[in-house]
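Student: Each chain is listed here by its residues.
Number of protein chains: 2
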Amino acid sequence: MRSFFKVKTAEDIFESLKDIKPLGTESVHITDAHSRVLARDIICTEDLPGFQRSTMDGYALSAKDTFGASENLPSPFNIVGEVRMGQIPDFSIRRGECAQISTGGMLPEGADAVVMIEYSQMVEDRVVEISRPVSPLENVIQSDDDVKRGQVILHNGTPLRPQDLGILASLGISQVDVFTKPRAAIISTGEEIVDINQKPKAGQIRDINSYTIGGLCIKSGVEPIYMGIVRDRFEDMKSLIGKGISQADVVLLSGGSSVGVKDFTLDAFLSLEGVEILAHGVSISPGKPTIIARRGDKTLWGLPGHPTSAMIIFDVFLRYLFGRLSGLSRPAEYSSYTIEAELDRNIESASGREDYIRIKLADIEGRWLATPILGKSGLISTMVEADGIVRIDMNTEGLYRGEKVKVRLF
Amino acid sequence: MRSFFKVKTAEDIFESLKDIKPLGTESVHITDAHSRVLARDIICTEDLPGFQRSTMDGYALSAKDTFGASENLPSPFNIVGEVRMGQIPDFSIRRGECAQISTGGMLPEGADAVVMIEYSQMVEDRVVEISRPVSPLENVIQSDDDVKRGQVILHNGTPLRPQDLGILASLGISQVDVFTKPRAAIISTGEEIVDINQKPKAGQIRDINSYTIGGLCIKSGVEPIYMGIVRDRFEDMKSLIGKGISQADVVLLSGGSSVGVKDFTLDAFLSLEGVEILAHGVSISPGKPTIIARRGDKTLWGLPGHPTSAMIIFDVFLRYLFGRLSGLSRPAEYSSYTIEAELDRNIESASGREDYIRIKLADIEGRWLATPILGKSGLISTMVEADGIVRIDMNTEGLYRGEKVKVRLF
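Heads up: the protein sequence lines correspond to chains A and B, in order. Counting from 1 along the first sequence, just add 30 to a position and that's the residue number in the numbering used here. Counting from 1 along the second sequence, just add 30 to a position and that's the residue number in the numbering used here.
Bear in mind the hints are in silico, worked out from the structure with no lab data behind them. Here a beta-carbon is modelled for each residue, glycine too, at the ideal position from N, C-alpha and C. Wrong hints could be hidden among the right ones.
[Claimed, not checked] Here's a subset of chain B near chain A, in silico, CB distances under 7 Å, partners left out:
1) Gly134
2) Gly187
3) Glu221
4) Ser411
[Said to hold, decoys possible] Computed cross-link-like contacts, SDA-like style, restricted to lysine to any residue with a CA-CA straight-line distance of at most 20 Å:
5) Lys273/B x Ser204/B
6) Lys406/B x Gln181/A
7) Lys436/A x Leu391/A
8) Lys268/B x Leu300/B
9) Lys390/B x Gly187/A
10) Lys406/A x Lys178/B
11) Lys229/B x Ile259/B
12) Lys434/A x Glu395/B
13) Lys229/B x Arg114/A
14) Lys249/B x Glu253/A
15) Lys328/A x Phe44/A
16) Lys229/A x Ser204/B
17) Lys406/B x Asp142/A
18) Lys273/A x Ser313/A
19) Lys249/B x Thr188/A
20) Lys436/A x Asp393/B
21) Lys229/B x Ile60/A
[What the hints assert, rightly or not] Computed beta-carbon distance windows for the label pairs:
22) Glu56/B x Asn227/A: 16 to 24 Å
23) Ser204/B x Ser65/A: 45 to 53 Å
24) Ser100/A x Thr426/B: 24 to 32 Å
25) Ser65/A x Ser276/B: 24 to 32 Å
26) Gly428/A x Ser100/B: 23 to 31 Å
27) Val153/B x Leu302/A: 16 to 24 Å
28) Lys94/B x Ser65/A: 54 to 62 Å
29) Asp374/B x Ser165/A: 34 to 42 Å
30) Tyr367/B x Asp174/A: 32 to 40 Å
Kindly produce the complete structure, drawing on both the sequences and the hints.
Tutor: Here it is, written out as C-alpha cells:
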C-alpha cells in the first residue's frame, strides 16, 4: 500500500472532484443570509411594486393635458386632491385636473404621468401652472416594472449580495433556503510543531497552518473546526482523522513533511473503511507533496507542511471543492478577484507542472506593476508580503518582463 | 431651520468626514481575527524560524565536501546520525560525514547545506554516495530568513488575511488587538413602508432598505442593528433616532422621500443636542436627496428612499466612513475590487454632478464588456441585474462606446 505513487495533474484532480454534490440546505433569516448560497430559484409570486408609483415629488396628471405647455405659455391645472403615502387615492383625475403627489405615492385613476414640482407654479389656492410637457409614464414606475409575477429573479447557486437580500425583502421572503456551510476539520501534524501558546525550543516551530487554513476557510464561507496538533504516532493520527471525518465534510491535515509522517498520513487515510486515494503528489509548485483521498462525498487532504504550499493547494483545489459543497453554480469564481498587471522581470518555470508565483503589486500611475516575490515556500513572510498570485500553466516555460499577467488577489 | 439647503459635492463631504477617528480597540482570539483590522504594529520579538531548517528530505552535510561530486564520480559520505524532528541533533558533522534529515529538521553543527535524497545512493549500511554538488545554504532556511527580530511585519490599520494570521501564529500571538467593529442603527421611514412579513395593500411596499443596507453593513465589517420602520410622525422619529445614536456609531435612516418626512428627518436630526448638518443634498446621481448630520464622531444619515440610491450613497460615503471608524489605513480601498471593461454603448452624464452607472458585465473571449443598465433608481431589480458600477466624475459629460472604464464589483 505504501509503495504506490500517483502524481496527478490539476486537471485530473478537478475531474475526480467534479461529481461531488452540494451539502444539504437550511432556512435562515434574511438578516443572516448575506453571502450565503441560495438553494432554490426565486420565482416572483407577485408583480412589484404592484401599483403605479411616482418617482418624483410633483403633480400627477394625464400626460396629454400637458402637451403644448411651455415656460411662456404654462397650462393651468386644478388641484383636486393630495395623494397620501401608502394609501389608495379616493379621487380620480379628469381633464385639466391634477393631484399633489410625493415620491413613492400611488397614481390616482386617470393619471398616467407626474410633473416634477420644479416645473410648476402655484397661481391660486387650488390652481397650479405647469411649464413643461410630460410623456405618458414619465416619472412613473409601472406596477410590474421592478419584477413580473412568474419571473425567476434569483437563481439557485447564487451567493446572496445586499441587493439580492433587497429583492427577497420586496417579495416578503424573510426566511431564505440556503445551502449548509461546509465544515472543515483542521489538523496539524509534525513532531516539530508546538501550540502557539508554547515557547518553541530549538528545532521546534509554532503551528502556523491551523491558522492560515482556518482563515482561508472563513474567507471561503466554510466553518473551521480546529482539531489541534497530532504527533507522528499512527494510532493518534488515525483516531483524530476518524474524529475529523465524523464531524466535518472535509479533513485538512497539514504537515507530515517527514518521510515517516507522510507514510502515516497515507496509511491513516487508507485505514478508514471505503477510502480511495485520488492523488499522492500533484504536479503543481509549490504544493507537490499533497495526498488526496475520498470517501463518498467526504475528502481527506494531506497538505504540505510549508505554509505557502498548503495555502496554494487550498486556493487551487479547496476553494473549488468548497464552492461545490456550498452549492455554488460557478464554484471556481467564488471570491476570485483578478487584476491585470505587467511583469517587471522574467520568471522561469519548469514545463510539466503548474507554477504559482507570489506577486507584490505596485500602482505606477494607474498601471499595475507585478513584482515576483522570490523566497522559499517554507517562509510565511513571503505570503504576507504578497498581494496575489500568478499561475503559469503546464505548457508554458516562463513569462517575460513586460508581459501582461492576471494576478489573483490573495 | 427647515428652509436652509446645502447641496454638497462628494469632495466636500469627504473633507467633512476626514477627521473622524477610529473607534476603540479590543482583543480577539486569532481564530476570530480574520478580516478584522489590526490596531497596532506587529514587531517581531524573535528571529524565525529561529534555527537552520532543511527544506528537503535528504542529507545534511558541509557543502564544500560535495564540490566535484557528479553522477560519474559520486562522493561517498559516512552517515553519522539521523536528525529527529523537533529536536536538537546530539551529534555534529565533520569532513566526509552527513546526517539523514527530513524537511523542517534542524541542521546539525558542522552542516551548512542539504542534498536532496534524489541525488543520493546508499552503497553500504552507513555510507551514501552523493552525485551532485550543493552550494552553502542550499535547501536550507536560515534562522532569521522568515522574520528578523525587531522587524515590523504587520502594520496598524491592516485588515487581517489568512497569511497574516499565519505570521501572528508563528510569533505566538494568540490574542490580537483589533479595532472595534462599528455599529450602525438602521431605520426605515415612510407611511407606505410595511414590514416584510406583512402583505402590502395597494399603495404600500415592503421594507427593502433595511435589508440592502444591513447587507452592505455586514459586507463592510459593520454590525447592523435593525431598528424597524418608523411612520411619518416627528416624535416617533426623534425618539427612534435618539435611541439609534445611543446604541450605534452611525444612524442610517432611509426613506422619507415625501416632502413632509424629509422635513421631519432634518428636524429630528437638529432636535438632538449638538448636531450639525453637513449636507442637505449631494451632487451625485442617483442619491441626491441625502441629508448628513454629525455629532462629534457620530453621524446621522438621511438616505434616499430609492433602494438603488441608498446603496450608491452607502458605497460612495459610508464604505469610506466605516473604513475610518474601523481604523483602516486605506479606508477607500477596503473591499473594493475593480476590473477594467470596455463600454458597449455611449453614456450621457450631466456635468456638475457625479454619476454612478449600474453595469452588467460579459466575458467576451477574455475581454470584459460593460453594458450600462438603464432603469429607474427606484427599481431594486436593476441592482440585482448589475455586476458593478462605474463612476463618471463631475467634469465629464459622458463616456463613449469603446472607452475603457473601471467597474467596481458590487
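Student: Indicate, hint by hint, whether the structure satisfies it.
Tutor: Quick rundown of the hints versus the structure:
For Gly134/B, the interface hint holds, since its Cβ comes within 7 Å of a Cβ in chain A; the closest pair sits about 5 Å apart. Look at Gly187/B: its Cβ only gets to about 15 Å from chain A, farther than 7 Å, so that hint breaks. Hint status for Glu221/B: holds, given a least beta-carbon distance of 4 Å to chain A, under 7 Å. Annotation: Ser411/B was flagged as interfacial toward chain A, and the flag holds, the nearest CB pair being 5 Å apart, inside 7 Å.
Pair hint Lys273/B plus Ser204/B does not hold up; C-alpha atoms about 36 Å apart against a cutoff of 20 Å. The straight-line distance between the Cα atoms of Lys406/B and Gln181/A is roughly 19 Å, inside the 20 Å bound, and the hint therefore holds. Only pairs whose Cα atoms come within 20 Å are accepted, and Lys436/A paired with Leu391/A is accepted, the gap being roughly 11 Å. Of the pairs offered as hints, the one joining Lys268/B and Leu300/B holds, with about 9 Å between alpha carbons and a cut-off of 20 Å not exceeded.
Of the supplied pair hints, the one linking Lys390/B and Gly187/A holds, its CA atoms being roughly 19 Å apart against a limit of 20 Å. At most 20 Å may separate the alpha-carbon atoms for a hinted pair to count; Lys406/A and Lys178/B meet this at roughly 16 Å. Proximity of Lys229/B to Ile259/B is assessed by CA-CA distance (about 15 Å); at most 20 Å being required, the pair is judged to hold. Straight-line distance between C-alpha atoms of Lys434/A and Glu395/B comes to about 16 Å, which keeps the hinted pair within the 20 Å bound.
Between Lys229/B and Arg114/A the alpha-carbon distance is near 19 Å, which keeps this suggested pair within the 20 Å criterion. For the proposed pair Lys249/B and Glu253/A, the alpha carbon gap of about 18 Å is at most 20 Å, so the pair holds. Taken as a hint, the Lys328/A and Phe44/A pair is honoured in the structure, with Cα atoms around 15 Å apart against an allowance of 20 Å. With a CA separation close to 12 Å, the supplied pair Lys229/A and Ser204/B stays within the 20 Å bound.
At roughly 17 Å between alpha-carbon atoms, Lys406/B and Asp142/A fall within 20 Å of each other, so this suggested pair holds. Only pairs whose Cα atoms come within 20 Å are accepted, and Lys273/A paired with Ser313/A is rejected, the gap being roughly 30 Å. For the suggested pair Lys249/B and Thr188/A, the alpha carbons sit about 16 Å apart, so the restraint of at most 20 Å is met. This hinted pair checks out: Lys436/A and Asp393/B have alpha carbons roughly 15 Å apart, not beyond 20 Å.
Restraint check for Lys229/B and Ile60/A: satisfied, since their Cα atoms lie roughly 17 Å apart, inside the 20 Å limit. Look at Glu56/B against Asn227/A: about 20 Å separates their beta carbons, and that is inside 16 to 24 Å. A C-beta distance of roughly 27 Å is found between Ser204/B and Ser65/A, which places it outside the suggested range of 45 to 53 Å. Checked against the hint of 24 to 32 Å, the C-beta distance between Ser100/A and Thr426/B comes to roughly 31 Å, which is consistent with it.
Checked against the hint of 24 to 32 Å, the pair Ser65/A and Ser276/B passes, with Cβ atoms roughly 30 Å apart. Evaluation of the 23 to 31 Å hint for Gly428/A and Ser100/B yields a pass: the beta carbon distance comes to about 27 Å. Distance hint check for Val153/B and Leu302/A: the Cβ-Cβ separation is about 39 Å, which falls outside the suggested range of 16 to 24 Å. Between Lys94/B and Ser65/A the beta carbons are some 57 Å apart, a value that agrees with the proposed interval 54 to 62 Å.
In this structure the supplied range 34 to 42 Å is violated for Asp374/B paired with Ser165/A, their Cβ-Cβ distance being about 26 Å. A hinted range of 32 to 40 Å holds for the C-beta pair Tyr367/B and Asp174/A, which are about 33 Å apart.
In this structure, the earlier hints numbered 2, 5, 18, 23, 27, 29 are contradicted, and the remaining ones agree with it.
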